[in-house]
Amino acid sequence: MHSGSEAPGSLHALSRAALALPILAIPVEAGAAEIGEMGFTILGYKERGLMKVVEPVLWGKARIGETWEVQANVALDIVSGASPEGVSNISGTPVQLVSAASVTDRRYLGDVRVSRRMGELTLGISRSFSEENDYRSHAYGIEARWDLNERNTTLAFGYGQSADSIGSTLEPTLDERRDTREYLFGVTQVLSRFDLVQSTVTVARGRGWFNDPYKFTRTFYPDGAPAFLFDLRPSSRDSFAWLTRYRRHVPGADGTLQAEYRYYSDDWDVRAHTLEVAWQQSLGERWAVRPALRYHTQGAARFYSPVVPRPAPAELSSDPRLAAFGGISTSVRGILKLDGGLLIELTVGNVHNTRDFRAGGNGSPTYPTLQAWYGILGISRPF
Amino acid sequence: MRAWVAVALLACAGCAPVAPYQRAYLARPDMALDASPGMMRAMERTFSAKEAANGGSSVGGGGCGCN
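Chains as they are written, first to last, in the working numbering: chain A, 1 to 383; chain B, 1 to 67.
So that you can see chain B by itself, here it is in the shape it has in the complex (with noise of 0.2 Å):
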């Protein structure tokens, strides 16, 4: 966990702050992180089922008997 934050506090070190009135291509939609609710389940849903993988970006999702 102490390894995970000096990595995050690295990370920071190297990074001018870009002020809020800077941030419009941030807020682009294809800049977002996440896709919509209803694409993540479809996308997770395609590949999760057929590969040994999974998980990573979330918690709590719970499982299936996906066959």
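Isolated chain A (complex conformation) (with noise of 0.2 Å):
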């Protein structure tokens, strides 16, 4: 969690609170030279069998002058080793393919936020691009936030327009797009001293090309010709996702209550549940550990199939993203604040995707098991 050094009850954190802005992550005034934030973070994750990820990012936020923010992100995505390909059933059941070569990916990636607040009002614009050999992202976003209620309540509004451009390696002609518009609208609540909940719910409408050029289904029937068919999706997707977090601190134990709730619903019919429940308990002034859970369960995309039935169908995808699977991920973080604010994070976890923890069962049976453990490291201090 994002964070500074000052202690409840100290001058600083008096002032801070007077001013508390429940859904920024900057802090107002946060001692009187102070007027931003500048941080480093690295991502190190590793799949069992599969791919590799490592992903640094240098982020900064600032105020300038009394009303206005800037918050700026740049990250470089590196993922290489062996990629999901395709099913195919030769062996006599759907076992998923993996790229006989290991393949090495580069994604350059940004964004940059600007808002300013005017009385209760705040508003806010965003851009953010992404880029790599075989796909190109843009998009811009518009915000709103009302404080009310002396600043108990805060209502966000939200818009964002995303267009991509796809391609790929194995086909260079392959040149499509899809357009993404999405609604926000949220509320922050302070329940009371101790506590305070968001929930905010964002509905996204796609248009445009969804296939993922890479990935295949090749089926062999007892008798007649083996298919071969190429990832087909819809060409749209209209989805919903509600998210519900909630802190609450106890003093008596001088620790925190993280708990994050998410529901997603889409007109490719996945539905999806993720929870996750950390605890943040402080270790004396300096030090903090932070271990999470993490329960992730979701259903089948309606066009999701490991083989190609006949007649094969317009719609048919055996990604086992869309499969229907459970995950379960436990993490550590430990937190050590330095003098002059700088602040180590150090957060180490693990993923474990299975048919098996599907809640109420029937996984989808050919989900091959995702094994996955991932690091990362973050300095930041206030400047």
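Heads up, simulated SDA-like pairs for lysine to any residue below, C-alpha to C-alpha not over 25 Å straight-line:
#1 A/K46 - A/Q96
#2 A/K46 - A/N133
#3 A/K46 - B/C66
#4 B/K50 - A/P234
#5 B/K50 - A/N89
#6 B/K50 - A/G81
#7 B/K50 - A/L346
#8 B/K50 - A/R294
#9 B/K50 - A/L76
#10 B/K50 - A/G44
Rather than coming from a laboratory, the hints here were simulated on the basis of the structure. Quick caveat, the model's predicted, so the values are computed rather than measured.
Using the hints, build the complex out of the two chains.
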């Protein structure tokens, strides 16, 4: 979690509390000379038998004058290793195939956000980009926040639009587009001196090319010629996501409960629930530890199938991300606060996705179990 | 939309306002709803590329060809 260096009861904490804005990640006044914060984070992620990801991120945010805030991030996403390709039942049962050769892909991404506070209203705009050799995405967003009830309640409204260009290293002539519009409404409510809750609904409407050009399904029949089908998905996707986040500090334990739940559904018939619960325990003035548990369960898309039925349908994908499965992730974060506001955070976690973890059972029989480990190192300081 | 505004107003009705000078605990770093930008991006990268569900907290983030 984002943090500064002050403890409750100090002069700095009281001045921050007086101007506390529940849904802004940057303190309005962290100190007489501090106008912002900058940091560096690096992610290392490794899947068993599959790919590896390294992603360094450089970020910064600052106040300009009394009413303006700017935030910018740049990152490089480096993916290497074996990539899931298609599904084939040549061995008798459908199994996931991976690329024979190790692939390396680099993605450059960044975004900038500018906001201005005008009394009880804050308006913000954002611009983001993501570039890799076979995918480009450019997006912008507009957000408005309205503080009510002596800043105990905040309403948020947002609109975003993205334009994606999809190509393929296997098919140089592929040049497709996808456009997405997003709408957000959220409420943040201070419940008491010790807890607050935020609930946000996001509706997205996507139109264009959704196929994965690297995925295919190959099916052998006991009679007749085998079938081969590239990934074929609908040309639209409408989705709904409802995220609720809760924080409660327990002074007697000097710890804080952090809980989040998200419900997701779309017109591909995917239904998903994601729950994360964490406890951040202070250990003296400088140290804190945060164990966390995340559970995810989802149903399959209506056109998900590891085999090509006869006759072949107009829509079909054997992409395991569209299958029915569940996942459990555990992590622990250590947090160290040093003099001058320097903050060091180290998170280590694992991801275990399997058909057996799906809530209520009925996970997709051919879903390939995913085992992965990750580590995230973050360093930040105010300025 | 009107239903959500009603939910928001109902949520407010049951809560006594907390004055600014009473918000010391709410201003704690571990009470922030968002982690640092770098940490949030790293966590999203870890999970979003392997699940069908995404989004919920912001808009205008764009997409990727993550595999």
